[in-house]
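Q: Here is what each chain is made of, one letter per residue.
Protein chains: 2
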Amino acid sequence: MHNITRVALVGGTHGNELSGIYLLKKWEKTSQFTRWPQLELTQTIANPRACEHSVRYMETDLNREFALEDLQNDRLVGYEQLLAKKLNQQFGPRGRSPVELMIDLHNTTSNMGACLMLLRKDAFNIGMAAYVKDRMPEAVIYFQDNLPEERNRFLISVAQQGVTVEVGPQPNSVLQQETLELMETMTGHILDYVVLYNRGELASLPGEFEAFQYTEDLVLPTDEQGQRLAMVSKRLERRDFHPVEPGEVIMETFDGVPICWEGDYTAYPLFINEAAYHRSHSAMSMSQRIVLRCADYF
Amino acid sequence: MHNITRVALVGGTHGNELSGIYLLKKWEKTSQFTRWPQLELTQTIANPRACEHSVRYMETDLNREFALEDLQNDRLVGYEQLLAKKLNQQFGPRGRSPVELMIDLHNTTSNMGACLMLLRKDAFNIGMAAYVKDRMPEAVIYFQDNLPEERNRFLISVAQQGVTVEVGPQPNSVLQQETLELMETMTGHILDYVVLYNRGELASLPGEFEAFQYTEDLVLPTDEQGQRLAMVSKRLERRDFHPVEPGEVIMETFDGVPICWEGDYTAYPLFINEAAYHRSHSAMSMSQRIVLRCADYF
Numbered sequence: 001m002h003n004i005t006r007v008a009l010v011g012g013t014h015g016n017e018l019s020g021i022y023l024l025k026k027w028e029k030t031s032q033f034t035r036w037p038q039l040e041l042t043q044t045i046a047n048p049r050a051c052e053h054s055v056r057y058m059e060t061d062l063n064r065e066f067a068l069e070d071l072q073n074d075r076l077v078g079y080e081q082l083l084a085k086k087l088n089q090q091f092g093p094r095g096r097s098p099v100e101l102m103i104d105l106h107n108t109t110s111n112m113g114a115c116l117m118l119l120r121k122d123a124f125n126i127g128m129a130a131y132v133k134d135r136m137p138e139a140v141i142y143f144q145d146n147l148p149e150e151r152n153r154f155l156i157s158v159a160q161q162g163v164t165v166e167v168g169p170q171p172n173s174v175l176q177q178e179t180l181e182l183m184e185t186m187t188g189h190i191l192d193y194v195v196l197y198n199r200g201e202l203a204s205l206p207g208e209f210e211a212f213q214y215t216e217d218l219v220l221p222t223d224e225q226g227q228r229l230a231m232v233s234k235r236l237e238r239r240d241f242h243p244v245e246p247g248e249v250i251m252e253t254f255d256g257v258p259i260c261w262e263g264d265y266t267a268y269p270l271f272i273n274e275a276a277y278h279r280s281h282s283a284m285s286m287s288q289r290i291v292l293r294c295a296d297y298f
Numbered sequence: 001m002h003n004i005t006r007v008a009l010v011g012g013t014h015g016n017e018l019s020g021i022y023l024l025k026k027w028e029k030t031s032q033f034t035r036w037p038q039l040e041l042t043q044t045i046a047n048p049r050a051c052e053h054s055v056r057y058m059e060t061d062l063n064r065e066f067a068l069e070d071l072q073n074d075r076l077v078g079y080e081q082l083l084a085k086k087l088n089q090q091f092g093p094r095g096r097s098p099v100e101l102m103i104d105l106h107n108t109t110s111n112m113g114a115c116l117m118l119l120r121k122d123a124f125n126i127g128m129a130a131y132v133k134d135r136m137p138e139a140v141i142y143f144q145d146n147l148p149e150e151r152n153r154f155l156i157s158v159a160q161q162g163v164t165v166e167v168g169p170q171p172n173s174v175l176q177q178e179t180l181e182l183m184e185t186m187t188g189h190i191l192d193y194v195v196l197y198n199r200g201e202l203a204s205l206p207g208e209f210e211a212f213q214y215t216e217d218l219v220l221p222t223d224e225q226g227q228r229l230a231m232v233s234k235r236l237e238r239r240d241f242h243p244v245e246p247g248e249v250i251m252e253t254f255d256g257v258p259i260c261w262e263g264d265y266t267a268y269p270l271f272i273n274e275a276a277y278h279r280s281h282s283a284m285s286m287s288q289r290i291v292l293r294c295a296d297y298f
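Those protein sequence lines, which keep their order, are chains B and A. Residue 71 in full-length UniProt numbering sits at position 71 of the first sequence, and the numbers go up by one each step. Residue 228 in full-length UniProt numbering sits at position 228 of the second sequence, and the numbers go up by one each step.
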């Protein structure tokens with residue numbers, strides 16, 4: 001277990017998610033970056049051109065461009081593909097990065113509250129989740145450490161450790177004060193935790209905490225022309241991380257036929273009706289509720 | 001007072017406002033267009049290319065391209081400028097249109113509920129407002145008949161009469177069942193009213209009703225580089241059409257300084273934090289509450 005000193009704080013990976021962009025501006029203006037003198041904290045806007053146009057991306061989703069083979073593929077010269085290579089040079093290279101932690105700041109149009117998204121269940125991540133959940137009980141802890149490696153093409157994969165702060169609901173290209181404050185609070189707790197972690201002061205963590213574990217993605221049915229045949233049921237509206245039992249209605253066709261949850265487990269949906277997944281007709285992701293004991297990881 | 005027979009129902013004027021686009025699809029699929037056999041009802045997607053890309057517009061806002069002098073200016077050949085000329089040919093020409101009523105279906109990211117936006121206070125519009133408000137008490141009636149003529153560059157200005165159905169809150173590129181149902185209900189009432197109006201059966205309307213009248217627009221303060229210095233206060237979040245008294249906090253700078261409402265009247269804000277007005281740093285529009293008596297207009 002080595003110290004986490006170099007921490008990169010990133011906003012604007014998606015240019016229409018304004019909380020991260022404005023949190024960095026706000027912390028710059030109010031000198032908040034000096035609150036953690038023990039850390040080498042840097043701040044970066046990942047996709048300034050997408051921010052300028054207030055769009056998610058110019059050509060392709062930057063946050064899907066960090067697969068190792070893509071970073072090494074010289075024929076990939078799209079705008080975000082080039083930007084990924086530049087960011088990999090700046091923060092990486094992936095696999096040998098000097099940056100010990102990257103915190104990537106995102107918004108969602110779904111009602112996910114303040115969600116801490118984690119890619120690993122190791123002592124550092126488990127401790128962070130326990131600490132954040134303890135200081136901020138309304139936070140949602142979400143593990144996607146079971147994603148297949150080929151789907152981990154996220155910007156944070158460049159650094160040694162990476163976490164995503166995902167706050168919503170907030171429409172794209174909108175800045176809401178409450179959502180900004182949720183992000184600010186969560187990010188502050190993460191940085192406080194890193195200082196505690198470096199000091200080895202993990203005894204103060206709670207014994208166990210609630211979290212959610214990714215299981216699968218659900219898409220809306222489409223016809224042969226790729227046109228949607230159904231929409232997410234209003235029963236699920238704004239109910240991210242609320243339980244859905246097998247057999248419950250989750251979608252409805254435009255002519256009024258209900259579509260039920262066919263899984264054999266109590267699911268906790270998230271990214272319900274997320275705008276960015278409009279093209280792929282994604283309806284929601286599913287997760288299961290889990291309880292994690294810190295003692296199992298230290 | 002002549003009959004309103006030719007009615008054009010338009011969705012997709014903004015390509016990322018999904019309720020109108022999907023309402024037309026739904027009505028097509030469920031043969032709802034035949035519910036009003038007395039009317040010659042047509043349906044159109046105004047900006048199919050913007051819909052395909054799920055963006056508000058390709059180059060410029062189509063719903064600001066219908067000024068008479070712009071429609072007649074052959075040098076304006078941007079994508080939406082050309083599209084406006086084609087729509088003016090299809091539905092107009094503006095000033096001599098055979099289309100007696102155009103209903104334009106929009107979404108807003110603001111919490112405006114189901115809002116009927118009207119450009120005139122004549123018997124036809126007053127009657128429509130009274131009828132809709134009576135059948136759908138949660139509807140908000142909003143008059144912007146005091147907009148200067150040069151700002152009426154809307155698509156609906158092409159037809160003899162035009163109304164906008166503006167439903168929210170819904171993020172761009174998202175389809176929510178509840179929002180779609182609000183739009184469906186309001187549009188149905190409008191068409192029912194047109195049939196009633198043609199029959200001269202206006203005696204059944206309520207004597208008076210509440211509405212809101214546009215007064216002015218408020219923008220966020222910016223620095224010399226055009227960067228925002230403040231955000232809308234969270235006190236106003238989701239509180240479209242709730243009263244704001246003179247002196248109340250309506251914005252806050254990023255370093256925590258409150259900015260108060262400086263008007264000398266009780267204002268009812270709308271389009272609070274609307275995503276589409278991000279570039280112009282619009283914070284909200286202001287309106288005043290009014291009560292209208294039908295008898296004054298018939």
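Among the clues, some could well be false.
With a Cα cut of at most 25 Å, we get these calculated DSS-like pairs of lysine-lysine [to be verified]:
| hint | chain 1 | residue 1 | chain 2 | residue 2 |
| --- | --- | --- | --- | --- |
| 1 | A | K234 | B | K29 |
| 2 | B | K86 | A | K86 |
| 3 | A | K234 | B | K26 |
| 4 | B | K25 | B | K121 |
| 5 | A | K86 | B | K234 |
| 6 | A | K86 | A | K25 |
| 7 | B | K25 | A | K25 |
| 8 | A | K25 | B | K234 |
Covered by chain B, per the in silico footprint, the following chain A stretches (three or more residues, Cβ under 8 Å) [said to hold, decoys possible]:
| hint | segment |
| --- | --- |
| 9 | 127-133 |
| 10 | 177-183 |
With the C-beta cut set under 10 Å, the calculated list includes, among others, these residues of chain B facing chain A [what the hints assert, rightly or not]:
| hint | residue |
| --- | --- |
| 11 | L119 |
| 12 | A123 |
| 13 | V174 |
By construction, these hints were calculated from the structure, which means they are not laboratory data. Where is the CB? At the ideal position from N, CA and C, for every residue including glycine.
Q: Against each hint, give a clear statement of whether it holds in the structure.
A: The hints, checked one at a time:
At most 25 Å may separate the alpha-carbon atoms for a hinted pair to count; K234 (chain A) and K29 (chain B) meet this at roughly 20 Å. A hinted pair counts as satisfied when its Cα atoms are at most 25 Å apart, and K86 (chain B) with K86 (chain A) does not qualify at roughly 44 Å. Simply put, K234 (chain A) and K26 (chain B) have alpha-carbon atoms about 16 Å apart, close enough for the 25 Å limit, and the pair holds. For the hint pairing K25 (chain B) with K121 (chain B), the CA-to-CA distance comes to about 32 Å; that exceeds 25 Å, so the pair is violated.
Note on K86 (chain A) and K234 (chain B): the hinted pairing is violated, with a Cα-Cα distance of about 37 Å set against a maximum of 25 Å. The hinted pair formed by K86 (chain A) and K25 (chain A) meets the criterion: a straight-line CA distance of about 22 Å does not exceed 25 Å. At most 25 Å may separate the alpha-carbon atoms for a hinted pair to count; K25 (chain B) and K25 (chain A) exceed this at roughly 43 Å. Restraint check: the Cα-Cα separation between K25 (chain A) and K234 (chain B) comes to about 18 Å, which is no more than 25 Å; the hinted pair holds.
Look at the segment 127-133 of chain A against chain B: 0 of its residues bring a Cβ nearer than 8 Å to a Cβ of that chain, fewer than three, so the hint is violated. Under a criterion of three residues with beta carbons nearer than 8 Å to beta carbons of chain B, the stated coverage of the segment 177-183 of chain A is upheld, 4 such residues being counted. Hint on L119 (chain B) is violated. Least Cβ distance to chain A is approximately 26 Å, over the 10 Å limit. With 10 Å as the threshold, the beta carbon of A123 (chain B) stays out of range of chain A, its nearest partner Cβ sitting at about 36 Å, so the hint is violated.
Interface hint status for V174 (chain B): upheld, as the beta-carbon distance to the closest one in chain A is roughly 5 Å, under 10 Å.
Checked against the numbered hints above, the structure violates hints 2, 4, 5, 7, 9, 11 and 12; every other hint is satisfied.
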